[in-house]
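Participant: Each chain, written out:
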Amino acid sequence: MLPFLIRRLSGAVVIMFLIGAFTFFLFYSIPQDFAELACGKNCSPQNIAVIRENLGLDQPIAAQFRDFMMGIVAGRDFPQGHCPAPCLGVSFASGDMVWDSIIDRFPLTLSLTLGGLVVFLVVGLGAGLIAAWKRGTAVDKALSGASIVLSSFQIYLLGPIVLGLLVYSTGLMENPKYVSPFDSPGGWFLGMLIPWVVMATIFTAQYTRMSRSTMIEQLQEEHVRTARAKGMSRGYVFFRYAWRGSLIPIVTIIGIDLSSLLSGAVVTEFTFDLAGLGRLAVESSVNKDIPLTMGVMMFGAFFILMLNIIVDLAYAFIDPRVRLS
Amino acid sequence: MKTDRSRQTRAIVVALAAGALVLTGCSGSGGDTTDKSAKRKDAARQQEPVKYADEAASTGPAAPVAGAEEGGVITGYMQSDFSHLDPGQIYVSDANQLGNLIHRGLTNFHSDKDGNLSIVGDIATDSGQSSDGGKTWTFKIKKGVKDEDGNVITSKDVRHSIERTYAKFIFDGPNYVQTWLSGDDYRKALPDGPYKGKHLPDSVLETPDDSTVVFHFKQARPDLPQALAMPGYSIVPEKQDTKEKYDKAPAALGPYKISEFKPGKSMTLVRNTNWDPKTDSVRHQYVDGYNFPLTVSIPSQTKRLLADQGEAKNALQFIDMVDTAQMSSVVTDKKAYARTVRGYQPYVWQMCFNLDSSEMKDKKIRDAITYAIPSASMVQADGGKYGGEVAGGLLAPTLPGFDPSYDPFGKVKKPAGDLEKAKQLLKEAGVKEGTKLTYAYSNTPRGQKQMVIVTDVLKKLGFDPQAKEIDRATFYEQIGKLDNPFDLYMTGWGQDWPSPSTVITPVYDGDLVGDGSPNYSHINDETVNKGIDEATALEPEAAAKKWEEIHHRIVEEINPCAPVYYSKTIQLYGSRIGGARYNMEASNIDINDVFIKNP
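If you read the sequences in order, they're chains Y and B.
Residues in the first sequence are numbered from 85 upward in steps of one, following the working numbering.
Residues in the second sequence are numbered from 11 upward in steps of one, following the working numbering.
It is worth saying that the hints were derived from the structure and are not from the lab.
Be a bit skeptical, because a hint or two may be false.
As the list claims (entries may be wrong) - Residues on chain B that point at chain Y, a partial pick, calculated with CB under 8 Å:
no.	residue
1	91
2	255
3	275
4	310
5	483
Here the structure is a predicted model, which means the values were calculated and not measured.
No residue lacks a Cβ here, since even glycine has one placed at the ideal position from N, Cα and C.
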């Protein structure tokens, strides 16, 4: 296990360096004067020169890259103050430290992602298990049919409908908002509930179908039939043998979906006027705020790399046949 | 001001939200047939020259708002973060509006209950005393003005506030006063600002005692009290100045101070207990505080305020206007419409011709295009009648000297354009069929819609239009380059204060032609230049006639930019907001007078 972890983490460091170098040179090779982007109304050549100096854009590109990479490892000093490691630079547009902006927005996106994940796993896997248990019955057909219908919905369609019903028309709920769960667990739960439910409705469908089909497949496996033949109860065999085996493909899909949820957070965040990493990524891109765009991209890449490692580790716990050698 | 941030909407925000609203059937019904937009009479009071008020009018407290109550918290919807918080960097509408709550300057605009505008002393005892033919201005500081930590504000703080705008980290705010004091290359006069112990000489900026500030100019500057009323010249107490960091955590002098600021997410203001109403003749402190969620898209703002549920009852659109897709829902709903403020904005959208381009040298060609532009369609592409109105001239209805009957190209009479007249002029000019014209436009939704209209009309005139899309983030920088390769482009410009000097001077003064200058047409007419020099030295009332003459010469004799439309706004607020009215100077809801009903 340990050698596996060390190998994967070492690989992740190399990949992160390559992503950092690639994105840096890709962005900075664009024939664009970023000082012009940061320049306001009095955009005289003198002002542009001042901004260029303020942003460090008057330095050779190699020196800028060196400073950028050193900042990640050891931190940097800016006129706005010291930027401790891992320093991803300073936003051209706002002057904020990029790392601070990302860390400030991350809890919302994490809440959105993990909260949505919990809801759609519980509901989706549960519905799939029930459908498999009741295979061929009206319950199975209803759940399978609903999953097909719901999977065709999109967040930007369902979100405004739910807001219209629960917030604008009836006033039953407030507009979604993020408060820290450490400050107000209740406020956090209620503020995130609508986005979770909307996300879950859409993602639940595929987990229902996936869970149902893999369960049915597992129930037909020889070891399951053997367990039943040995006299074990249907419920015990269902959960102890069939369900565990069905989790492997589901864990794989969760890993992929978590990445999708993170990258797709932009739609959820804009639909519900929430300020998370997705919105930050889009705003930085629209504003051509290169340090912020690079920072969000590198953070996203890091997060996805870590998720992949966690998913690989999870295989070993679920299925002893998998060896992490 | 070039253009306000509310109009530079983030396309993706709008596209996502608007798309969602259309899909769910939340768009307007289109049943509105009555024009309830702002009318020119609404701006009539602003067309009077601004009065400079005396000490009595500058002494607080401000006149109470009828029915005002104390308490409650107002939510101000914003779709993105404030551009700046450091006064030296403040120039555009979002920060101007916020600045009025937290910052204070030497002077301030005051709009009385009838909407008449005047300049009063803010931390100064009056609007300033001029001498030496307007070259010297003296301000006395009121007693009892403190920052949020209780530090008394003195003339040294005023000097510090002006001198720090010479430092390199200040580059986004206004530079009128700096250039008036030290010339166009003003930074050389104090390269490090006041931070290394150096100051401007007393012959330029003088503080003979703790309560007196004296400005010395090389020529008369009658507009100084208005320039100093810009939030960009608000006071930064010397003790509180943290240079670059000040843009995130400024010290308040106004009735509210920042209690929490999460950049890009939210801001919370609470009462500033060191603000003394007796020193302020403009602002009130009726509510306990403000919440600013900084991520609420314009369609969502409108939807929430139309529904008027929960928190939205205490909310208002801080700087944005009603979503155009939901406009008819607002104006056809009597209760919702009663919760709107409406008015003209200071921007005039105009088609500027690059006078250095060989294709644009002939005035008959410029006149032909001016006649042909279908102004009504251009307005329609920018929110329709609630977002604008066909323009006859280049001065907005919000400016002193505005003449509603002025329409030398008959644009108001023929808002669809006059193609026959245009073709006749082109024939006289001998323009060859298929002449290429490069039209530069910003890649905003509005710019893209207007590009279709402009290229269509150019084709009808026999030109071969080449549409050149420019990134919205650098549009003005690209067309602001002297050797830009374009023939014509749409630009918007608005006053910095209610005087033509802040429109005609920056946009049409030939002395300012250069890279980065807002003189986008490169007009350089001796008569205009001379007239500008004369008018800027006159008192506002005397200058009005002169500005009118210059304006007529620009439009009729040179035509560097075709007038297209004046911009307007309509803003919505919740049912528990009291005291709401349109502030013509701020071009937004008057944030000084609002309160919560039954808090």
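Participant: Each of the hints needs a verdict: does it hold here or not?
Facilitator: Structure-based check of each hint:
Hint status for residue 91/B: holds, given a least beta-carbon distance of 7 Å to chain Y, under 8 Å. Using the Cβ-Cβ criterion of 8 Å, the hint placing residue 255/B at the interface with chain Y is satisfied: the shortest such distance is roughly 6 Å. Here the hint on residue 275/B is kept, as its CB sits about 4 Å from the closest CB of chain Y, short of 8 Å. Satisfaction of the interface hint for residue 310/B is found here, the shortest Cβ-Cβ separation to chain Y being roughly 5 Å, below the 8 Å cut-off.
Checking residue 483/B against chain Y: minimum C-beta separation of about 5 Å stays under 8 Å; hint holds.
Comparing the model with each earlier hint shows no violations; every hint is respected.
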